[in-house]
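A.B. asks: So you can see what is in the structure, the chains are spelled out below.
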Amino acid sequence: MSVALQGQPLVEVKNLRHLYGKPSDGELLVLDQVNLALGENEIVGLLGRSGSGKSTLLRSIAGLITPTGGEIDFAKNPDGSGPVAVSMVFQSFALFPWLTVQQNVELGLEAKHVPAETRRKRALAAIDLIGLDGFENAYPKELSGGMRQRVGLARALVVDPDILLMDEPFSALDVLTAETLRTDLLDLWCEGRMQIRSILIVTHNIEEAVLMCDRILVFSSNPGRIISEVRVDLPQPRNRQDPRFRILVDDIYTRMTQRTAGDEARRSDGLFPGVGIGMLLPEISTNALAGLMEAVAAEPFGGKADLPELAAALHYEADELFGVAETLQLMRFAEVEGGDIRLSAAARRYVEADTDARKQLFAQHLLAYVPLAAYIRRELDNDADHELPAARIREELEEMMSPGYAEQTIRAVVAWARYAEAFAYDEGAGLFTLENPS
Amino acid sequence: MVFLFGDRDSLRRLPRLLPAQVAPSWADLIAFVALAAIAVSILRGAHEMGAPLSALQARPVTLNPARLPEYALLTTLRMFAALGASLLFTFVVATLAAKSRKAELVIVPALDILQSVPVLGFLTFTVTFFMGLFPARELGVELAAIFAIFTSQAWNMAFSFYQSLRTIPKDLDEVARQFAFSPWRRFMRLELPFATPSLVWNMMMSMSGGWFFVVASEAITVGKTTIALPGIGSWLSLAIEQKDMRAVAAGVATMGVVIVLYDQLLFRPIIAWADKFKFEQTASGDRPRSWVYDLFRRTRVLRLTAAPLMWPARLLTMIDWPRARRPQIRLTPTAERAVSYAWIGLVALGALAAMAFIWSFVSRTLTWHDVLIAFGLAVLTLVRVLVLIAIASVIWVPIGVWIGLRPRWSARLQALAQFLAAFPANVLFPFAVALIVGWRLNPNVWLSPLMVLGTQWYILFNVIAGAGAIPGDLKEAAGVFGLKGWQWWRRVSLPAIFPYYVTGAITASGGSWNASIVAEAVSWGNQHIEAAGLGSYIAKATVAGDYARVALGVGVMSVFVILLNRVLWRPMYAFAERRLRLD
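Protein chains in written order, with our numbering: chain W, 1 to 438; chain G, 1001 to 1583.
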């Protein structure tokens, strides 16, 4: 799978493995057997769903997380001055609100004991390079999101790193601003005006990855593994309308929706981490579920849609779309495979039905295919007072997952069950009940 | 303080706008004179504190108005000395609690309890201790007074700092780690700035709380010894003893002036400055303003004079203490668990030993009957606190909502309410005594309002803030659907202000317990009136020098305060947080 690199890699990750949580309260394998080599002069993208561990990988390389197992080897600098240096750009910009733009940029130099005068010069040069002239004395809260991320970029570049790590750097920005920043960064990179030798960027935006990267590593979730590697040989600047570009995007969609184990038994269980009632459920609103079914049922798709096209039509990020699509798949309303989504017969009935019939159909599928919902309903039916303390369910879930995930799973199942009127939940009393006000 | 002057850029921005002339402006002159005056007075005050005790007795506190400014100065110095000590305590203890789980286990519950314990009751013990430390020096009594003020200031500051340290944003923490900040730089660049806004707010609250204790702690009577330190507190107690209404009024007025002065000269500028540390991504509409802060930033000479003073502060941000080289001991999980169990065991053992010690001390003089009496009196005081908070709520909630919905009024009245909360209500007690005695009222009933005299304002200004924060669309929706009268209160304003109200009521209730110690037994010259309650029980025991009963009273009161917090306020707060948050 690994493509041969020219020369020695700047950083090499071997058999990386990472577990979250303690063994006692349900640990989750976020990274499993990850191998990666970052070569000289390339932009490598880590592409995957949220929760696929790509940020964990990035933070392991940045030294912010100590992985549970595996090795990360950095190359030596040519002049023998220690290992190559890394620097990071954050999704949330992570600027210090009490420091001016210039002070923020100088922060890393300050920690390295660079003398004040040199520090100032280097910071001004970085500010200049990144197009922040005139903003030196502004505070972050006076800047727009795009300008803030430029500060984040200048701060990362000013320490002269060999490798620039970027954690979804453009995902907190609006589409136009993100595009401008991406283009500016690519221009700097192509013209060789930054000192960096290589960029590793985490993203869940497929088009962004194809626009920027020389290589894309596609991650699967639960646990996070590299499932495939895509080489992008298109010349820069790249054009989204280029047919070769579209083919690459389609190809990656297909890879991301591929099932690792295609057998029928794993059909629903493999979608989300955990099995049975211990399945970690995503918080997807029923409106989004209904909306997607309606969109796919309608023209021009007519029940079967290509995911990239659908994402573009609905203005969804691939990542968001996957979450909704796979929840539909879990409830057997749709089938996702090979970059396509196909509605089931039940979903077509759902789309045609009126509100009450929709709820009934949803309830049937919820209780049939979501084990936790079925379990709660069964317990309620068996209880004399038709009551069940939520604390009990929470405890049971926490044996299988972390408290945070247990909370999320309960919120998800409560939202679905409320819509389906399958059972009720009294938040104040912390009780599941069968009483629906009618 | 440190980072204001650590960053020259923020200061560099304004001078560019000024004409490049060398002659000082009028503002320079005023500022310079003010600074010099402050320096001289601090030196004078400090000199006096070092004198031996005999000198104090040779120059007793008199009701001579000419000396009032001096008294005011000394009292203010004491307050700031205590504030400084509290700040130091905060940095050390709160940092320890945030960084070490083992320390946290002990410190956090301790702070939580100390926050809600009647510190006035401790006075007896600390005075004895400090006088023993510096026998026959004024310094001992000074330290006792400062310590008394400290005990009223430190806990909430430490608690707020601890909470800030625990809620450092994850991404900023990652930046600090990625750039390998030393612990010192991390403190100066990340932790301290992040904690500053809430720390400043808590310092102001502490300062207000401190005034209450100044009056009680400067003129101290423990058993047979009575010591009056020169200060406003002693002035007031002397005036009360001599039934000099004009002297009381003069003392109260001076105190008012001092509060306004340090508020305008110190806290407003600090708040205006601390605004930049607010952790928000968008600039908020109205920034706190301060004319002194503006003056400071606008005045060249003042900045130049201050520069050498601030030089050490700037140095603090620059230097980087070498990282403490600690041998990294890696323990197996089992060993680690064993260590933490051992620690918990040690803490439990310490608590048991402390209990045994207290018991041996108390049981020598007290019987179960005394405990029963103390509990009965505590119930009386509890009823007073609850009834009065309820009455204050019924009065101030509608008024607060009315004010809060009118922005033009609320800005001004909010400041007034905060001033009233800072004002030590205990200095007004003598007037109440005069009334009660004059009209032959029942002290058991009519002394009670004194308990909320100073604390009701917390309810008022929190409600004003809450009503001001009701979102415009909510008000519009209520208007569109024609919600009026009781329905409007029940569905719109009461739920919206509830979280704010609870915050105010918690503060008011805690303050009222504390105030009961001075409010249930009040004197005016030779007239003493008393209400039956735990407060007067503690006050009497203090005057009599009966340590065991003071300990018992304080202990019982602590138990009641903590129970009230757990049973009533915390659940209300949790409910407000969960259901009624407007965001």
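Treat the hints loosely; a few may be bogus.
Claimed, not checked - In silico EDC-like cross-links for lysine to aspartate or glutamate, where the CA-CA straight-line distance does not exceed 20 Å: (1) Lys141(W) - Glu117(W); (2) Lys141(W) - Asp1171(G); (3) Lys112(W) - Glu1530(G); (4) Lys76(W) - Glu40(W); (5) Lys1278(G) - Asp1294(G); (6) Lys304(W) - Glu352(W); (7) Lys112(W) - Asp1173(G); (8) Lys14(W) - Glu1336(G); (9) Lys1278(G) - Glu142(W); (10) Lys304(W) - Glu283(W); (11) Lys141(W) - Glu1336(G); (12) Lys1099(G) - Glu1336(G); (13) Lys76(W) - Asp162(W).
Just so you know, the hints here were simulated from the structure itself, not pulled from any lab data.
A.B. asks: Hint by hint, which ones does this structure get wrong, listed from lowest number up?
C.D. replies: Numbers 1, 3, 8, 10, 11 - these are the hints that the structure violates, sorted from lowest upward.
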